[in-house]
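Start from the sequences, fold in the hints, and give me the full structure.
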Amino acid sequence: MHETALIAEVLKTVRQSALENNLPKVTKIKLAIGKLSMALPEALIFAFQVLKKGTICEEAELEIESKEIILQCLDCTQEFRSQDYNFSCPFCARSRIKIIQGRELHIISFEGEENELGSNCGSTLIKSQ
Amino acid sequence: MNLEVIVAQPLLKANEELAGQNRNRLNRGGITTVNLISAPGAGKTTLLEKTIGALKNLFSIGIVEGDIYTTFDSERLAGQGVAVVQINTYGGCHLDAQMVAQALERLPLAKLKLLFIENVGNLVCPAEFDLGENCKVAILSVSEGSDKPKKYPLVFQEAEAVILNKIDLLPYTDFDLAAAKEQLKEIKNNLVIFPLSAKTGEGMEAWVEWLKDKVSQTEKSSATG
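The listed protein sequences correspond, in order, to chains A and B.
Start counting the first sequence at 0; every next residue gets the next number (numbering that gives the first Met the number 0).
Start counting the second sequence at 0; every next residue gets the next number (numbering that gives the first Met the number 0).
Simulated from the structure, these hints should not be mistaken for lab results.
One or more of the hints may lead you astray.
Claimed, not checked - Below, in silico cross-link-like pairs of lysine-lysine (DSBU-like), each with a Cα-Cα straight-line distance of 30 Å or less:
(1) A:Lys34 / B:Lys149
(2) B:Lys213 / B:Lys198
(3) A:Lys29 / B:Lys150
(4) A:Lys66 / B:Lys149
(5) B:Lys12 / A:Lys11
(6) B:Lys187 / A:Lys34
(7) B:Lys55 / A:Lys97
Note that the coordinates shown come from a computational prediction; the quantities given were computed from them, not determined experimentally.
Set out below in structure tokens:
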């Protein structure tokens, strides 16, 4: 339901980072979205199509990496995948758990085209922050 | 030339930072903050009215009242003689830490011991946004059906306590109290569950006592820390 607000935040963060890295055009954005987060990939893509217009991300594609729910039992310390949003430990049947993976709402990275002046071909990795 | 920039940043980073600031501010003031989350019509405001009635003579209470539009709820609560600040999100489906930070500016924090944040009626998005509270409390009313914990697991996983409200309606619904409790325990074993009716007062005592404990715990930790 709040996917539009999330995408607005993505566009803001990517714009700032793209400008800092001298990339006037963004071609791809990669997000990690956990299955336990309440954001729907379809709604994120829809919001992205609408909100990217008129921004430096206008021609960018959105890639979403969906993250399975991985939990750790705090009683027996076993790690397990949650099936069907069941949080009970399959090993000891309790449900005092820690979420290892599945809560993600992360921007992993983005790709952009440098100013024409950039000469070397190929892809370079820049670490931001 | 094509470049890949690694961002590795939470989408809600800005919110998390602001929530941290709110939390520090509230903790320094020794204020217990409870973020109340439920679907529309689960009875958050009635529960608050009754809770305030039971506690307002013991300590000073503040309310941040979140609604999409209207000030109906804050008007109801202002009549209780507590400090109320209204936030209207104008379409927004949840409160965020920035809105709460602004609301805190308008509350007499030096006097408060307990602060309730009544989130926008919605079981989905509010679960995702940290506001700087000490704990989230989810409210589920029996007229909503006992399958809701499994349908909206995140909010119940994030909550420290769950109120099963409107138990006076149990005879008129097919809500299965035992099944709902079991589902909740499957999501989080150590959830504190309060079946109650804010309307009739049944079961309110355990919830009120729990809040009193929370307030004295916060007082102790702010005195020592």
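Against the structure, the hints come out as follows:
no.	hint	verdict
1	A:Lys34 / B:Lys149	holds, 14 Å
2	B:Lys213 / B:Lys198	holds, 23 Å
3	A:Lys29 / B:Lys150	holds, 28 Å
4	A:Lys66 / B:Lys149	holds, 19 Å
5	B:Lys12 / A:Lys11	holds, 12 Å
6	B:Lys187 / A:Lys34	holds, 17 Å
7	B:Lys55 / A:Lys97	violated, 36 Å
Consistency with the previously given hints fails for number 7 only.
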